[in-house]
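Using the sequences and the accompanying hints, generate a full structural model.
In order, the protein sequences belong to chains A and B. Plus 110 on top of the position in the first sequence (first one is 1) and you've got our numbering. Plus 110 on top of the position in the second sequence (first one is 1) and you've got our numbering.
In short, the hints are calculated from the structure, not lab data. Among these hints, one or two may not hold up.
To be verified - Some chain A residues close to chain B (C-beta under 10 Å, calculated; not the full set):
| no. | residue |
| --- | --- |
| 1 | Thr177 |
| 2 | Ala180 |
| 3 | Glu182 |
Unchecked claim - If the Cβ cut is set under 7 Å, some of the chain A residues that face chain B in the computed set are:
| no. | residue |
| --- | --- |
| 4 | Thr112 |
| 5 | Phe114 |
| 6 | Lys205 |
| 7 | Gly250 |
| 8 | Arg251 |
| 9 | Ser268 |
| 10 | Ser324 |
| 11 | Ile325 |
| 12 | Ser330 |
| 13 | Ile332 |
| 14 | Ser344 |
| 15 | Ala345 |
| 16 | Tyr348 |
The C-beta atom is built at its ideal place from N, Cα and C for all residues, glycine as well.
Protein chains: 2
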Amino acid sequence: MTRFFVSPEELKQDFLVLTGENANHAKVLRLQCGEQVILCDGSGHECLCTISDVSAGQISLVINNRTDSATEPSVQVSVYMAFSKGDKLEHVIQKATELGAYEIVAFPSARCVSRPDDKSLSKKLERWQKIAASAAEQSGRGYVPKVVVLKSFAEAISRGVQADKAILFYENERATTLKMALSEGSFKTIALMTGPEGGFEAKEVSKAADAGFSICTLGSRILRCETAPLCALSAVMYDAGEF
Amino acid sequence: MTRFFVSPEELKQDFLVLTGENANHAKVLRLQCGEQVILCDGSGHECLCTISDVSAGQISLVINNRTDSATEPSVQVSVYMAFSKGDKLEHVIQKATELGAYEIVAFPSARCVSRPDDKSLSKKLERWQKIAASAAEQSGRGYVPKVVVLKSFAEAISRGVQADKAILFYENERATTLKMALSEGSFKTIALMTGPEGGFEAKEVSKAADAGFSICTLGSRILRCETAPLCALSAVMYDAGEF
Chain A
111 MTRFFVSPEE
121 LKQDFLVLTG
131 ENANHAKVLR
141 LQCGEQVILC
151 DGSGHECLCT
161 ISDVSAGQIS
171 LVINNRTDSA
181 TEPSVQVSVY
191 MAFSKGDKLE
201 HVIQKATELG
211 AYEIVAFPSA
221 RCVSRPDDKS
231 LSKKLERWQK
241 IAASAAEQSG
251 RGYVPKVVVL
261 KSFAEAISRG
271 VQADKAILFY
281 ENERATTLKM
291 ALSEGSFKTI
301 ALMTGPEGGF
311 EAKEVSKAAD
321 AGFSICTLGS
331 RILRCETAPL
341 CALSAVMYDA
351 GEF
Chain B
111 MTRFFVSPEE
121 LKQDFLVLTG
131 ENANHAKVLR
141 LQCGEQVILC
151 DGSGHECLCT
161 ISDVSAGQIS
171 LVINNRTDSA
181 TEPSVQVSVY
191 MAFSKGDKLE
201 HVIQKATELG
211 AYEIVAFPSA
221 RCVSRPDDKS
231 LSKKLERWQK
241 IAASAAEQSG
251 RGYVPKVVVL
261 KSFAEAISRG
271 VQADKAILFY
281 ENERATTLKM
291 ALSEGSFKTI
301 ALMTGPEGGF
311 EAKEVSKAAD
321 AGFSICTLGS
331 RILRCETAPL
341 CALSAVMYDA
351 GEF
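See the structure below:
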């Protein structure tokens with residue numbers, strides 16, 4: 111069933127309509143009177159509706175019932191990814207949204223060869239948030255993950271450790287697996303941190319460990335910086351019983 | 111440490127040299143006498159070597175020791191992916207190789223909108239095999255996954271069920287999770303089958319189930335056809351204790 115994201119204020123109203131981009135999208139899909147759609151506020155609240163009228167630029171809806179989204183995972187996973195070259199961050203935002211991430215947090219780290227300047231950042235952030243919204247719509251999510259950009263590695267560390275379990279993946283770690291880290295308890299919020307193309311510096315890993323991060327391996331094969339976060343996220347969702 | 115793939119015949123010789131593309135690659139990396147490299151036959155056999163001489167078009171090596179690759183997973187996973195649009199198959203070949211796949215098998219299915227004709231196929235297959243080789247080298251694998259192309263869905267089914275455990279992922283399956291399927295035993299070979307953009311037809315799913323496939327969900331979110339195989343592969347590797 112097609113789903114449309116509207117603002118929380120719109121979703122609370124007694125009469126629901128689709129306008130603007132949503133109406134255009136409905137037109138492209140040739141939705142007709144009598145068909146059902148889902149309206150969603152991007153924060154987990156949904157409304158099953160039937161189309162009652164289709165006119166130029168506006169689709170009128172009859173509310174069938176209001177529910178909470180059934181497609182959100184039981185665990186809130188924050189994906190911390192170091193800035194990387196090209197469109198890798200965009201790739202991870204799209205895929206992590208599909209895979210059920212709660213938020214995607216980009217941060218600078220010592221070996222980052224690319225980091226956006228302040229000027230281009232606000233434009234990029236807007237673009238990244240749109241990618242998350244579009245991926246959330248396509249994958250049937252009830253929540254649009256927030257894309258967050260941090261100014262420093264220190265900030266990423268202090269923010270990350272606020273999760274019930276914070277994990278940093280390091281290619282030189284051999285002993286501690288993700289499975290060991292997750293078996294220590296039942297966690298409602300998890301932070302997964304992965305490095306840039308050149309990996310983390312040993313000093314950065316020490317800082318994260320001192321702050322309370324578990325340092326884990328993702329196996330004996332070296333993963334690209336855009337593969338590692340998605341591999342870890344898939345495993346965490348699997349471990350949480352999502353599939 | 112840099113690794114180079116050579117033929118099994120070459121690796122068996124008493125005196126090892128790098129020539130052709132490998133020698134060019136070594137030159138680009140500015141490798142010097144005294145540095146160590148790994149030579150690998152792409153089938154799990156490796157040789158740790160020290161560079162003894164660098165001359166135009168040829169790098170001479172002294173053999174330190176011969177071993178079996180330590181980066182190959184304990185489980186052999188075959189990734190069966192339906193033909194899909196654009197470069198999605200290439201993306202999956204690269205990432206699945208990093209994640210430790212044993213082979214990648216492409217096959218046609220009812221809703222495939224794109225499938226290569228026989229003429230372009232041999233060229234494409236050569237390209238796909240190169241992508242796997244390059245990803246194996248970068249990720250430090252000792253084995254280059256084979257890329258296999260099948261002519262029909264029926265062939266994919268009959269080949270897939272030869273694995274110890276064959277699993278087809280279906281968006282309309284709700285009850286059976288991958289975790290349930292994997293908990294039924296300890297499997298040395300696993301086949302993971304995912305559909306094209308439009309998903310599998312119900313008839314195809316029935317055929318697979320009749321042949322012995324377990325039909326599983328990958329969670330309540332709808333994954334793109336290039337995300338599903340990598341999500342499943344990551345989870346299987348996690349379950350097998352790889353990380």
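Worksheet item: Which earlier hints can't be squared with this structure?
Response: Violated hints: 1, 4, 5, 9, 10 and 11; rest satisfied.
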